Amino acid sequence: MTDPSAAVLDTLTTTEAGTASRHEAGFDGTLVVLSRRNVAAGVVSLELGPRSGEGEGGGEGEGEPLPAWRPGAHIDVVLPTGITRQYSLCGPAGHTSRWRIAVLREPDGRGGSQWIHDNVHEGTELRVRGPRNNFPLRPAARYLFVGGGIGITPLLPMIAEAEAAGADWSLLYGGRTHASMAFLPELEPYGERVDVRPQDQHGLPDLAGFLGDPDPSALVYCCGPAGLIDAVEARCASWPAGSLNVERFAAVTGQQPVGGENNPPIEVELRASGMTLTVPPQLSVLKAVEHAGVPVLSSCEEGICGSCETAVIEGEIDHRDSLLTEDERAAGDTMLICVSRARGGRLVLDL
Amino acid sequence: MSQHVRNGWYLGAWSHEIGRTLKQRWITDMPVCFYRLPDQTVTAVEDRCPHRKYPLSLGHLDDEGTLQCDYHGYRFDGRGACVGVAEQTDRPKAALRRFPLVERDGAIWIWPGDPELADESLLPDTSWLNDPGWTHVHGVVPLKARHLLLLENLLDLTHETFLHPTSIGNAAVAATPIDVTVDGDRVGFSRRMTGIEAPPFYEKSCGLTSPVDRWQDGEFHPPGVFILHIRVAATGTEEPEGFHMRVLYGMTPARGNETHDFYALGRDYLIDDEELTTFQHEQQLAVMQEDVDALEAQELMYATDPGGTAESSIKSDLAALRGRRSLMKMLAREQHGQPGQQGDRTARPTESV
Numbered sequence: 005m006t007d008p009s010a011a012v013l014d015t016l017t018t019t020e021a022g023t024a025s026r027h028e029a030g031f032d033g034t035l036v037v038l039s040r041r042n043v044a045a046g047v048v049s050l051e052l053g054p055r056s057g058e059g060e061g062g063g064e065g066e067g068e069p070l071p072a073w074r075p076g077a078h079i080d081v082v083l084p085t086g087i088t089r090q091y092s093l094c095g096p097a098g099h100t101s102r103w104r105i106a107v108l109r110e111p112d113g114r115g116g117s118q119w120i121h122d123n124v125h126e127g128t129e130l131r132v133r134g135p136r137n138n139f140p141l142r143p144a145a146r147y148l149f150v151g152g153g154i155g156i157t158p159l160l161p162m163i164a165e166a167e168a169a170g171a172d173w174s175l176l177y178g179g180r181t182h183a184s185m186a187f188l189p190e191l192e193p194y195g196e197r198v199d200v201r202p203q204d205q206h207g208l209p210d211l212a213g214f215l216g217d218p219d220p221s222a223l224v225y226c227c228g229p230a231g232l233i234d235a236v237e238a239r240c241a242s243w244p245a246g247s248l249n250v251e252r253f254a255a256v257t258g259q260q261p262v263g264g265e266n267n268p269p270i271e272v273e274l275r276a277s278g279m280t281l282t283v284p285p286q287l288s289v290l291k292a293v294e295h296a297g298v299p300v301l302s303s304c305e306e307g308i309c310g311s312c313e314t315a316v317i318e319g320e321i322d323h324r325d326s327l328l329t330e331d332e333r334a335a336g337d338t339m340l341i342c343v344s345r346a347r348g349g350r351l352v353l354d355l
Numbered sequence: 004m005s006q007h008v009r010n011g012w013y014l015g016a017w018s019h020e021i022g023r024t025l026k027q028r029w030i031t032d033m034p035v036c037f038y039r040l041p042d043q044t045v046t047a048v049e050d051r052c053p054h055r056k057y058p059l060s061l062g063h064l065d066d067e068g069t070l071q072c073d074y075h076g077y078r079f080d081g082r083g084a085c086v087g088v089a090e091q092t093d094r095p096k097a098a099l100r101r102f103p104l105v106e107r108d109g110a111i112w113i114w115p116g117d118p119e120l121a122d123e124s125l126l127p128d129t130s131w132l133n134d135p136g137w138t139h140v141h142g143v144v145p146l147k148a149r150h151l152l153l154l155e156n157l158l159d160l161t162h163e164t165f166l167h168p169t170s171i172g173n174a175a176v177a178a179t180p181i182d183v184t185v186d187g188d189r190v191g192f193s194r195r196m197t198g199i200e201a202p203p204f205y206e207k208s209c210g211l212t213s214p215v216d217r218w219q220d221g222e223f224h225p226p227g228v229f230i231l232h233i234r235v236a237a238t239g240t241e242e243p244e245g246f247h248m249r250v251l252y253g254m255t256p257a258r259g260n261e262t263h264d265f266y267a268l269g270r271d272y273l274i275d276d277e278e279l280t281t282f283q284h285e286q287q288l289a290v291m292q293e294d295v296d297a298l299e300a301q302e303l304m305y306a307t308d309p310g311g312t313a314e315s316s317i318k319s320d321l322a323a324l325r326g327r328r329s330l331m332k333m334l335a336r337e338q339h340g341q342p343g344q345q346g347d348r349t350a351r352p353t354e355s356v
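Protein chains in written order, with the numbering used here: chain A, 5 to 355; chain B, 4 to 356.
With the rest of the complex left out, here is chain A:
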């Protein structure tokens, strides 16, 4: 599970001429579900691989090798419904014969995880792209891993690598209940390096106690719900720059900042900055602008607060906010770039 916008940011590059473009990389094809297991309440793990016997190297259930990957990598799963979802690879690091992902059923989500839970079984074919990595594990003498719920997935191969490298590491793993926390048996052999903290027994995890004082020799890796990441970020504010590495989930409730299927890429010219960006479907205009290095105020990122309101010089706006009135929308000269997009595929902003 990874934030789709973060995944796309990986492929956004700003050139000297000021244009950013999206490009695909890695594997793009059909894989078959080799196994499906319930690994916690509401969580299934799926192992994906080439169909047995396909290709010249086929046999023993193994097809052509899959691209190599490093801890922190994720793949896109393109569902037949047209929805694309990102899932972290959580099998043994670097495994190229089969990829393992874990999917949490999110009843309030946009339907991707539900579809997988309800329709994917051993033998189901899925279109897969990737892998890509926005969350690479960098060398360090000491690692502090913080995982919340399904956010444990990218950390599993990281832990394996840290352990293999002989690094000093520890994991704080929080979840709502013991039963909802996946992969506990795989973590058990690590003994006291792992601190499992189900919230119904222990309350919120003790981040202060776990992280301790800033340690220049340590790197912090965190993945989980936004509240946890925000708390870890706050706690790490005094750490050396670059100590903290996070991967955020997509928002799963409320108004979605980025649309789904009917969300074509748009071109956004930032007139004052002399830059043109291509904003892919999974990315908000706000995120693309921020990524291009143009400072913009923002706060709620849900189209409510109006902090990111931006003057529009040209282009037809597809308003998706909750704040502007019909008159303000009709005037077409301002938009909330955290959620709104373009109808005509192109916007010129006063940024």
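Simulated from the structure, these hints should not be mistaken for lab results. These numbers come from a predicted model, not from an experiment. Any given hint could turn out to be false.
Some chain A residues close to chain B (C-beta under 8 Å, calculated; not the full set) [unchecked claim]:
1. Leu301
2. Ser303
3. Cys304
4. Ile308
5. Cys309
6. Gly310
7. His323
8. Ser326
9. Leu327
Within a straight-line C-alpha distance of at most 20 Å, the following computed EDC-like cross-link-like pairs (lysine to aspartate or glutamate) qualify [unchecked claim]:
10. B:Lys332 x A:Glu313
11. B:Lys318 x A:Glu305
12. B:Lys332 x A:Asp337
13. B:Lys332 x A:Glu330
14. B:Lys318 x A:Asp32
Note that the Cβ used here is the ideal one computed from N, Cα and C, for glycine as well.
Based on the hints, put chain B in the right spot on chain A.
Relative to the frame of chain A, chain B by itself:
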């Protein structure tokens, strides 16, 4: 330049507050002197003598309605023109700035901005304050917090759950989403709570036991008026049955980050029950004190905030954020020399949260 919208009607005083004595009240950073002329019409002038700026409200009003400055004796007639000064026979060239006023339903409304733009049709309907089928209590509470904080307090009644848990709030308020409507600069919201536990104030005020239905329909008439229409009834009771109440707030910026918090609480049942009236007035003031304490604590935090960090906002803020936006737009228009307050247009729901 004042941070406040001036081209708009504000509640300046309740009628009973103004008589044949001079009353100073700061409004949108201007000192205003209110008084009545012999024909009982109310007058408001800038409370600075044009001679040496002495407050006229420290002066005298004679039986003919002539206002005299008690520093050097400048005298002004009921239209604000200088009619003489003690030290010389010829009349100094001086006149007082007079503010457009409307006295209606026991309230005195003042337009502190451009008199040419003062438009009575922009006043909200307050006829219930003068309706024989209704009774009400009213007053004014000083608030050492900026007008905007009071406005956002009233436009987001979710706070009742947390700030007023022993009187008018319970979990149902925060748990029930609102519909927000925008009509020109005016912002409305409605919240329909059905089959909920009766908060103590309504249990006692209406003799109801749970479950009840409770409706809140709020309307913000910028820049400074908020009216809440309340309906409480046994669950399943249709309109127009049930108990009706209305609360009017006049949010009038005073000086700096201080505000006059005018209030009126009305009801359309048991209107002769004085015990109930007393109870409701005490409750109203107790609830307002909780708000005043909270807003003054909040004011200190805003006033000392070094900035640099954004506020967080959630869906229930939408009406308050719309209200804030209306005020900002009015202020921007005013600073560009356009009329501040815009009138009614066809009401139309725009957002649902």
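Verification of the hints:
no., hint, in the structure
1, Leu301, "holds (7 Å)"
2, Ser303, "holds (4 Å)"
3, Cys304, "holds (5 Å)"
4, Ile308, "holds (5 Å)"
5, Cys309, "holds (4 Å)"
6, Gly310, "holds (6 Å)"
7, His323, "violated (11 Å)"
8, Ser326, "holds (5 Å)"
9, Leu327, "holds (6 Å)"
10, B:Lys332 x A:Glu313, "holds (14 Å)"
11, B:Lys318 x A:Glu305, "holds (11 Å)"
12, B:Lys332 x A:Asp337, "holds (15 Å)"
13, B:Lys332 x A:Glu330, "holds (15 Å)"
14, B:Lys318 x A:Asp32, "violated (39 Å)"
Hint compliance for this structure: hints 7, 14 are not met, and every other hint is.
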